[in-house]
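*Asks:* Listed below, chain by chain, are the residues.
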Amino acid sequence: MSHLYEHLPALQVLVPLMAAPLCFLLRKEALVGAFTVAVSFVCLGISASLLGQVLDGHVIVYEFGGWPRPFGIEYRIDLLNAFVLLTVSALAAVVFVAGPGQARRAIPPGREYLFYSAALLCLTGLLGVTITGDVFNVFVFMEISSLSSYILISLGRERRALMAAYSYLIMGTIGATFLLIGIGLMYQMTGTLNMVDMAERLQHVNHTRTVLVALAFVVVGISTKLAVFPLHQWLPNAYSFAPPIVSAFLASTATKVAYYLLIRFCLGLFGLVFVFETVGIDTLLMPLSVLAMFVGSIAAIYQTDFKRLLAYSSIAQIGYMTLGLSLATEAGVAAGIVHLFNHALMKGALFLVAACVTWRVGGTKIGAMKGLGQRMPWTMAALVASGLAIIGVPGTVGFVSKWALVSAALEKDALGLAFLIMASSVLAVVYVWRLVEVAYFATPEGEIEKKDAPLRLLIPTWILAGASIWFGLFSSFPMRVSELAAAQIFRVGL
Amino acid sequence: MTIERLVDHLATHWNYLAVIVLMMSGLYIAISRGNLVKKIMGMNVFQASVILMYVSMGKIHGGTAPILVEGVPDVVYTNPVPHVLMLTAIVVGVASTALGLALVVRTKEAYGTVEEDEIVALDRADDEREMATERAERRAAGAGA
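Chains A and B, in that order, are what the protein sequence lines are. Position in the first sequence counted from 1, then plus 692, gives you the numbering used here. Position in the second sequence counted from 1, then plus 683, gives you the numbering used here.
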């Protein structure tokens, strides 16, 4: 048993990877569904255990085949990626409970196992990107998760889902290839692929143009995956035409992992001094983040589709995260990390609400949501709870992250920035209110029949909506872990 | 940098010149073409340029295959790691091409075309039809009341 305990880092990735082809053997939908949920809970258990092991600040280094760095590939787990691993596997576990949902319509009967298989591969890729300590591994795992997410997106009900998946494929592949070019240039200058080794050697060569170009390629590549404004074009279509369950999973995990990568590469590999003082990436990243906050929120206000509104809101929320990083202080990065966790909870909950709405009215047009407050009270209560979190009302997770972000901005004497963060929250009030107004104050045509979503959808929705209140009231756990993770990456490095 | 030095630079680093030309033309095709299949081909050219970049960076002048031969001490080896990495990158490229083409086939089935502008026009027509029916319904509801 203690033997197994030692190999937890490898199992974190191997369990979902091995489970994906096993779905083909099980075939029966009920069986595969239960199996996928079981696997994702095993992953959750593993990442919880890993986080428990690194909470005291030590770093787990797992060498594959016993080959020490720089020869072998190692998995390296510190507080930052342990926390991201926990977020990703927790969200996966909760969302997988809901099953394929609307995706089922696009799947030929009896082929549901393919959906679960793709979902597990996507989870494998995301966990792999997060856990690995080898830069080329990052690229490979990123492509595993991306390829399976293109499949999942293409399962949407409308034919537009195909084009959404296709444009994401083109953008995503270009982004990943940019990352690959950047990694190649870094390898050229350092002769190693191991992150720790590379970070050390980069310090000696970071005056060269090659490293500068590498930084540019890496940042643009990751930003494409992260959907940093103005590289966000793929996101609204992908999230609004994908099946709602898939949007819930991707919105709360894929962009989060990309954000983690951005922190890892900028602060861990290239180093704070080089990225923020020599190159001064914050002069670009900060205005773009602020623009994302406003453009995303304003675009969200004008949407007529619930899922599309949520997608634009995601762009704004990603802006908050990158703003935290662009402050280049410990408090700013901690705010970004805690928002990563908090946004995963609330956006996951909102997309699951969209899944419930789709189940009931067959679509997510806001016009079709009239009177849903009476027709499906539990679902709409979840919408209100997580909507308040998106706004940042005290007592919700949104408040925790905005508080952290505003205090980080004030710590840097950036009063204007703090004001802009508040102002963009007001925009969130407008788009959340539009939903609440339609759901509670518009009278629907025809009879009002009270019929809520099935428990299979409602329970995951409420777990996430509840969590976005719970961690708003008792925020010490995510806040403390994020602060410690930021402190570790600032003081110890990598 | 004088012209002579530039020419000299290009003559000795022509592999990187090839990488840059391939990279930019691939990226341009992937962005500018309206045909979905051509976009994927552009993406392929783009990926191929990266493969060339990695492979040429591993090569050392006069370097041989990294095989240890007894009795021959001072041999310069070519670095095999970038070549091995590219095996993986080729697999990834093939997978994304296959998936992209599969999506194009499905798009052709659903829309009857693989031209992006025609697909956008079809989507727009769908939107307008939907809005028209919505308006008609609202008018009918208004008349009923």
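Some clues are possibly wrong.
Derived DEER-like restraints, expressed as beta-carbon distance ranges [as the list claims (entries may be wrong)]:
| no. | chain 1 | residue 1 | chain 2 | residue 2 | range |
| --- | --- | --- | --- | --- | --- |
| 1 | B | Arg716 | A | Ala740 | 30 to 40 Å |
| 2 | B | Ala808 | A | Glu1141 | 30 to 40 Å |
| 3 | B | Glu753 | A | Thr970 | 46 to 56 Å |
| 4 | B | Val704 | A | Val965 | 31 to 41 Å |
| 5 | A | Leu714 | B | Ser739 | 37 to 47 Å |
| 6 | A | Val965 | B | Glu798 | 48 to 58 Å |
| 7 | B | Ala793 | A | Arg1148 | 25 to 35 Å |
| 8 | A | Phe1111 | B | Ala793 | 41 to 51 Å |
| 9 | B | Asp806 | A | Gly1108 | 32 to 42 Å |
| 10 | B | Ile714 | A | Ala740 | 51 to 61 Å |
With a straight-line cut-off of 20 Å between C-alpha atoms, the simulated SDA-like cross-links for lysine to any residue are [to be verified]:
| no. | chain 1 | residue 1 | chain 2 | residue 2 |
| --- | --- | --- | --- | --- |
| 11 | A | Lys720 | A | Gly764 |
| 12 | B | Lys721 | A | Ile862 |
| 13 | B | Lys721 | B | Glu813 |
| 14 | A | Lys1057 | B | Asn718 |
| 15 | A | Lys1062 | B | Val788 |
| 16 | A | Lys1062 | B | Met814 |
| 17 | B | Lys791 | A | Arg851 |
| 18 | B | Lys742 | A | Gln880 |
| 19 | A | Lys1104 | A | Ile973 |
| 20 | A | Lys1062 | B | Glu820 |
| 21 | A | Lys1057 | B | Ala819 |
| 22 | B | Lys742 | A | Arg852 |
| 23 | A | Lys1062 | B | Met706 |
| 24 | B | Lys742 | A | Lys1104 |
| 25 | A | Lys1057 | B | Val788 |
| 26 | A | Lys1057 | A | Arg852 |
| 27 | A | Lys1057 | B | Asp806 |
| 28 | A | Lys1057 | B | Asp809 |
| 29 | A | Lys1057 | B | Lys791 |
| 30 | B | Lys721 | A | Ser859 |
| 31 | A | Lys1057 | B | Ala808 |
| 32 | A | Lys1057 | B | Arg807 |
| 33 | B | Lys791 | A | Lys720 |
| 34 | A | Lys1062 | B | Thr816 |
| 35 | B | Lys791 | A | Val789 |
| 36 | A | Lys1062 | B | Ala823 |
| 37 | A | Lys1057 | B | Arg818 |
| 38 | B | Lys791 | A | Arg852 |
| 39 | A | Lys1062 | B | Ala808 |
| 40 | A | Lys1062 | B | Leu705 |
None of these hints come from the bench; they were simulated from the model. The structure displayed is predicted, hence computed values, not measured ones. The beta-carbon is built from N, C-alpha and C at its ideal position, and this holds for glycine as well.
*Asks:* Are the hints correct? Go through all of them and say.
*Replies:* These are the hints, each one checked on the structure:
1. About 47 Å separates the C-beta atoms of arginine 716(B) and alanine 740(A), a value inconsistent with the hinted range of 30 to 40 Å.
2. At about 34 Å, the CB distance of alanine 808(B) to glutamate 1141(A) agrees with the hint of 30 to 40 Å.
3. Look at glutamate 753(B) against threonine 970(A): about 48 Å separates their beta carbons, and that is inside 46 to 56 Å.
4. Against the hinted window of 31 to 41 Å, the Cβ-Cβ separation of valine 704(B) and valine 965(A) comes to about 35 Å, which satisfies the hint.
5. Under the hint 37 to 47 Å, the C-beta atoms of leucine 714(A) and serine 739(B), about 41 Å apart, fit the expected range.
6. At about 50 Å, the CB distance of valine 965(A) to glutamate 798(B) agrees with the hint of 48 to 58 Å.
7. Between alanine 793(B) and arginine 1148(A) the Cβ separation comes to about 29 Å, which falls inside the hinted range of 25 to 35 Å.
8. A C-beta distance of roughly 47 Å is found between phenylalanine 1111(A) and alanine 793(B), which places it inside the suggested range of 41 to 51 Å.
9. Our hint of 32 to 42 Å for aspartate 806(B) and glycine 1108(A) holds, since their Cβ atoms are close to 41 Å apart.
10. Roughly 43 Å separates the CB atoms of isoleucine 714(B) and alanine 740(A), a value that falls outside the hinted 51 to 61 Å.
11. Taken as a hint, the lysine 720(A) and glycine 764(A) pair is broken in the structure, with Cα atoms around 40 Å apart against an allowance of 20 Å.
12. With a C-alpha separation of about 12 Å, the suggested pairing of lysine 721(B) with isoleucine 862(A) holds against the 20 Å cut-off.
13. Our distance criterion of 20 Å between C-alpha atoms is broken by lysine 721(B) and glutamate 813(B), whose separation comes to about 32 Å.
14. The straight-line distance between the Cα atoms of lysine 1057(A) and asparagine 718(B) is roughly 31 Å, outside the 20 Å bound, and the hint therefore fails.
15. For the given pair, lysine 1062(A) sits about 38 Å from valine 788(B) by alpha-carbon distance, which is inconsistent with the 20 Å threshold.
16. At most 20 Å may separate the alpha-carbon atoms for a hinted pair to count; lysine 1062(A) and methionine 814(B) meet this at roughly 17 Å.
17. For the hint pairing lysine 791(B) with arginine 851(A), the CA-to-CA distance comes to about 10 Å; that is within 20 Å, so the pair holds.
18. About 11 Å separates the Cα atoms of lysine 742(B) and glutamine 880(A), which keeps this hinted pair within 20 Å; it holds.
19. A distance of roughly 17 Å separates the Cα atoms of lysine 1104(A) and isoleucine 973(A); the hinted pair therefore holds under the 20 Å criterion.
20. Only pairs whose Cα atoms come within 20 Å are accepted, and lysine 1062(A) paired with glutamate 820(B) is accepted, the gap being roughly 15 Å.
21. The suggested pairing of lysine 1057(A) with alanine 819(B) holds, with an alpha-carbon distance near 17 Å, which does not exceed 20 Å.
22. About 46 Å separates the Cα atoms of lysine 742(B) and arginine 852(A), which puts this hinted pair outside 20 Å; it is violated.
23. Our distance criterion of 20 Å between C-alpha atoms is broken by lysine 1062(A) and methionine 706(B), whose separation comes to about 51 Å.
24. Taking the CA atoms of lysine 742(B) and lysine 1104(A), the gap is about 48 Å. The hint is violated against a cut of 20 Å.
25. Distance check on the hinted pair: lysine 1057(A) and valine 788(B) sit about 29 Å apart at the alpha-carbon level, beyond 20 Å; violated.
26. Proposed proximity of lysine 1057(A) and arginine 852(A) is supported: the alpha carbons are some 15 Å apart, at most 20 Å.
27. With a C-alpha separation of about 16 Å, the suggested pairing of lysine 1057(A) with aspartate 806(B) holds against the 20 Å cut-off.
28. In summary, the hint linking lysine 1057(A) to aspartate 809(B) is supported, as the alpha carbons are separated by about 15 Å, within the 20 Å threshold.
29. Annotation: proposed proximity of lysine 1057(A) to lysine 791(B) is violated, straight-line Cα distance about 27 Å (limit 20 Å).
30. Simply put, lysine 721(B) and serine 859(A) have alpha-carbon atoms about 13 Å apart, close enough for the 20 Å limit, and the pair holds.
31. For the hint pairing lysine 1057(A) with alanine 808(B), the CA-to-CA distance comes to about 18 Å; that is within 20 Å, so the pair holds.
32. A C-alpha spacing of about 17 Å is found between lysine 1057(A) and arginine 807(B), which places the hinted pair at or below 20 Å, so the restraint holds.
33. Between the alpha carbons of lysine 791(B) and lysine 720(A) the distance comes to roughly 31 Å, so the proposed pair goes past 20 Å and is violated.
34. Under the criterion of a C-alpha separation no larger than 20 Å, the hint pairing lysine 1062(A) with threonine 816(B) is consistent with the structure, at around 18 Å.
35. Of the pairs offered as hints, the one joining lysine 791(B) and valine 789(A) is violated, with about 34 Å between alpha carbons and a cut-off of 20 Å exceeded.
36. Of the supplied pair hints, the one linking lysine 1062(A) and alanine 823(B) holds, its CA atoms being roughly 18 Å apart against a limit of 20 Å.
37. Proximity of lysine 1057(A) to arginine 818(B) is assessed by CA-CA distance (about 14 Å); at most 20 Å being required, the pair is judged to hold.
38. For the hint pairing lysine 791(B) with arginine 852(A), the CA-to-CA distance comes to about 12 Å; that is within 20 Å, so the pair holds.
39. With a C-alpha separation of about 26 Å, the suggested pairing of lysine 1062(A) with alanine 808(B) is violated against the 20 Å cut-off.
40. As the CA atoms of lysine 1062(A) and leucine 705(B) are separated by approximately 54 Å, the hinted pair breaks the 20 Å bound.
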